[in-house]
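Using the sequences and the hints given, assemble the complete structure.
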Amino acid sequence: MASAELTKVVVIDDHPAIVAGIEAWCAAADPPIEVVDSGQTPAGAWTEPGLSADVVVFDLQLTEQVPAYGEVRRLVDSGRQVIVYSMREDRDTILTCLDLGVFAHVAKTEGPRHLVHAIHAASRNLPYTPPTMARAMSTDARRDRPKLTARETDVLVNWFACESKEMVARKLGLSVRTVSSYIDRVRIRYANAGRPASTKAALVARAIQDGLVRLEEL
Amino acid sequence: MRDVGRDLVVDTLVRPLRLVVLAISTVLLVGFALLLPLAEPAPEDWITRQAIAFALLAVVDVVAAVAVLRDRTIGRVRWVLAAAVFTAAALTTAGVPGPQLMTKASWSYVTLGWFLLLVLIEHSTRAAAVLLGAFTAATFVQLVVVGQGARVADLVVVSTLALGYEMSVLAVATASRRIATTAVDAAAREEQARTADAIAEHLHADRRRRYAELADSTVPLLRALTDGTADLRDPRARAEYAVAAARLRRLFAEHDEVVDPLLHELRACLDLAERKGVDVYLGACGSHPEPPLAVRRALTEPVVRVMAGARTSARVTVLGSPTGVTVSVVTDVADGVAAEPEPAARTDVGVLVTSLVDGQEVWVEATWQAPS
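Protein chains in written order, with UniProt numbering: chain A, 1 to 218; chain B, 1 to 372.
In case anyone wonders, no lab produced these hints; they're calculated from the structure.
In this text the structure is predicted, and so the values were computed from the model without any measurement.
We put the beta carbon where it would ideally sit given N, CA and C, even for glycine.
Treat the hints loosely; a few may be bogus.
Among chain A residues calculated to face chain B with C-beta under 10 Å, some are [claimed, not checked]:
id, residue
1, Glu-89
2, Thr-109
3, Glu-110
4, Pro-131
5, Thr-132
6, Arg-135
7, Thr-139
8, Thr-153
9, Leu-156
10, Val-157
11, Asn-158
12, Phe-160
13, Glu-163
14, Ser-164
15, Glu-166
16, Arg-170
Right, here's the structure in full:
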């Protein structure tokens, strides 16, 4: 919880180059992030030193052809902060991951900026929504989806389009803070919807503490 | 298609023939089959057989008449009708004593061929000829079997007269069919030639139109390149060439049959920037109505222009909504071509272009609302 402490992550990915890349990004991050372990199978997250990592960066598409949703669910159910880092960026995959209770879904096309941001945010229970996740939420068509206002959809779509909250703010005539709060409030509503998970509850609790949302809004 | 055409022509040519044969067979039905047997007294069972034969022929005539007058084919019933004609022939001649065969029953030899023609002429001249032949052969066999071999010569005369007329009609029918086939083939060839001409003309006009468009933009650039007046060290000049090249690629892509033409053409516009080493992300969000070609050009044009100055990376997105679509591009531009912030402008096809400059970053959006 203490932000002064070094954030520890464990990386589960079957490609050594991806692991090496993430290690380099984490080392260069400010504040730096420590990759305590990595593995090609989920076992790395269940044994020390990976077991005590704050955040699990998890590749959805391990050796099997099917997405490893079951592994994601087990990690989330045991209270781990999971960031899915995946080649897949289609809406259904992302929404499924959110339903399972992952902290964030970062597409591999999105680069270091969003992954590092997401890891920092995850270690502090602050919401973070990368652009492809914003796209998935803005185009969600399921019947039980959280209802978004037109303004929220607008902000999400523009965030997906330009990846810069400053530019979205300028375009829509809002402050950067307001843009962030629109995006985060949507994220919190998603965390509050569907299947319960302790990580989702922590995200919602922190948002209420920070005044991002009020209890009665949920 | 061609078969339908041929059937139509055959129908036009053969119909008068069918009407003539119908008229002849109807006259024969009344004149010979009804009146002749009644002309003299005869045994009752013979009268009965004549009546049945008449009834059969009458049925054949009426069924055929309905088909001919309504200009339809008789259909498969024709074979039943042909069998009825043979049955009628058998009935009229059965029980007639041998010596009287050529006097009392020979009328059926002359007339019944026309009924065969009536039911078969629109179907196949070959079938008609075969059945006529079979019928005639049967009459000769019958004559010989009843011991009237001596009167074969008489039957030859009678048959020749009858077949002479019947075969002429068949010959005309055959000729009509042949003419129809030739005419339809010729018409089809002419139609093909006309279609090919029309396509060639359309393509030519299309090329001229495109050339006219390119003549204003691409040709001067190519000329400058060949006579050495183009200064390729100037980033603006290079951008001009990049724009022209991307437009050409878009032009080629416009003729592809794809599910999402806008995304496809956009990809064509980005191809060159990617080859130049710009890291391009192309993503779509939501579905949108299909904009027409002129609108798609107006939507991709800002991307073409911005991408000409793209330096390292670009994010191009197609943002759909139920009522319209926005094409958005965010990129870092080279110093020389740092885009002047253009005021929001609406093109003549109703595409609104807005741009936002943030340091080296340029964000241009082109939005189209589908007419409701």
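Status of each hint after checking the structure:
| no. | hint | in the structure |
| --- | --- | --- |
| 1 | Glu-89 | holds, 8 Å |
| 2 | Thr-109 | holds, 6 Å |
| 3 | Glu-110 | holds, 9 Å |
| 4 | Pro-131 | holds, 8 Å |
| 5 | Thr-132 | holds, 7 Å |
| 6 | Arg-135 | holds, 5 Å |
| 7 | Thr-139 | holds, 5 Å |
| 8 | Thr-153 | holds, 9 Å |
| 9 | Leu-156 | holds, 9 Å |
| 10 | Val-157 | holds, 5 Å |
| 11 | Asn-158 | holds, 8 Å |
| 12 | Phe-160 | holds, 6 Å |
| 13 | Glu-163 | holds, 6 Å |
| 14 | Ser-164 | holds, 7 Å |
| 15 | Glu-166 | holds, 7 Å |
| 16 | Arg-170 | holds, 6 Å |
Of the hints listed earlier, there is not a single one the structure fails to meet.
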